[in-house]
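Asker: Sequence:
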Amino acid sequence: MNIEELREYCITKKGVTESFPFDEVTLVFKVGGKMFALTNLDGEPSINLKCDPERAIELREQYSSIIPGYHMNKVHWNTVILDSSISKNLLTELIDHSYGLILDSLPKSKRAEIINS
Numbered sequence: 660m661n662i663e664e665l666r667e668y669c670i671t672k673k674g675v676t677e678s679f680p681f682d683e684v685t686l687v688f689k690v691g692g693k694m695f696a697l698t699n700l701d702g703e704p705s706i707n708l709k710c711d712p713e714r715a716i717e718l719r720e721q722y723s724s725i726i727p728g729y730h731m732n733k734v735h736w737n738t739v740i741l742d743s744s745i746s747k748n749l750l751t752e753l754i755d756h757s758y759g760l761i762l763d764s765l766p767k768s769k770r771a772e773i774i775n776s
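In case it helps, the working numbering puts the sequence shown at residues 660 to 776.
It is worth saying that the hints were derived from the structure and are not from the lab.
Since the model is a prediction, treat every value here as computed from it, not as a measurement.
You may find that some hints are simply not true.
What the hints assert, rightly or not - Cβ-Cβ distance ranges computed for the label pairs, FRET-style:
(1) Val687 to Lys733: 15 to 25 Å
(2) Tyr722 to Ile662: 25 to 35 Å
(3) Asp711 to Lys769: 33 to 43 Å
(4) Ser678 to Gly702: 16 to 26 Å
(5) Ile740 to Ser768: 32 to 42 Å
To be verified - Using 25 Å as the maximum straight-line C-alpha spacing, the simulated DSS-like pairs for lysine-lysine come out as follows:
(6) Lys672 to Lys769
(7) Lys672 to Lys767
(8) Lys747 to Lys672
(9) Lys747 to Lys767
(10) Lys769 to Lys673
(11) Lys672 to Lys693
(12) Lys693 to Lys673
(13) Lys767 to Lys693
(14) Lys769 to Lys693
(15) Lys689 to Lys733
(16) Lys673 to Lys747
(17) Lys747 to Lys769
(18) Lys689 to Lys767
(19) Lys689 to Lys672
(20) Lys769 to Lys689
(21) Lys689 to Lys747
(22) Lys673 to Lys767
(23) Lys733 to Lys693
Glycine included, C-beta positions come from ideal geometry on N, C-alpha and C.
With the hints as constraints, model all of the structure from the sequences given.
Answerer: Structure below.
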């Protein structure tokens with residue numbers, strides 16, 4: 660999955676916005692105003708995704724392309740290097756997981772507003 664496919668997948672999710680809050684090369688995807696994915700448009704293609712801490716460790720042990728989140732809380736975030744070792748199915752599953760974690764952390768009213776939009 661290339662960066663454009665990744666972007667298209669992320670923005671199809673309910674309530675997602677995209678912006679460049681840090682600089683002109685770090686594209687951030689948010690749901691309910693909270694980040695669930697960040698990707699660098701300059702350099703090695705990769706994406707930072709939130710992950711359940713236990714699963715994050717398992718993924719890092721299983722895939723050399725999944726490492727502790729660059730510039731993020733290493734317990735809760737992974738950086739996924741977009742190379743041929745990560746299948747499109749796995750990547751979409753990890754994006755869905757990150758999105759779900761953030762959506763579930765939102766206040767009930769905000770979550771309902773997004774789900775019902």
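Asker: Of the numbered hints stated earlier in the document, which are not met by this structure?
Answerer: Of the numbered hints given earlier, those the structure breaks are 2, 3, 9, 17, listed in rising order.
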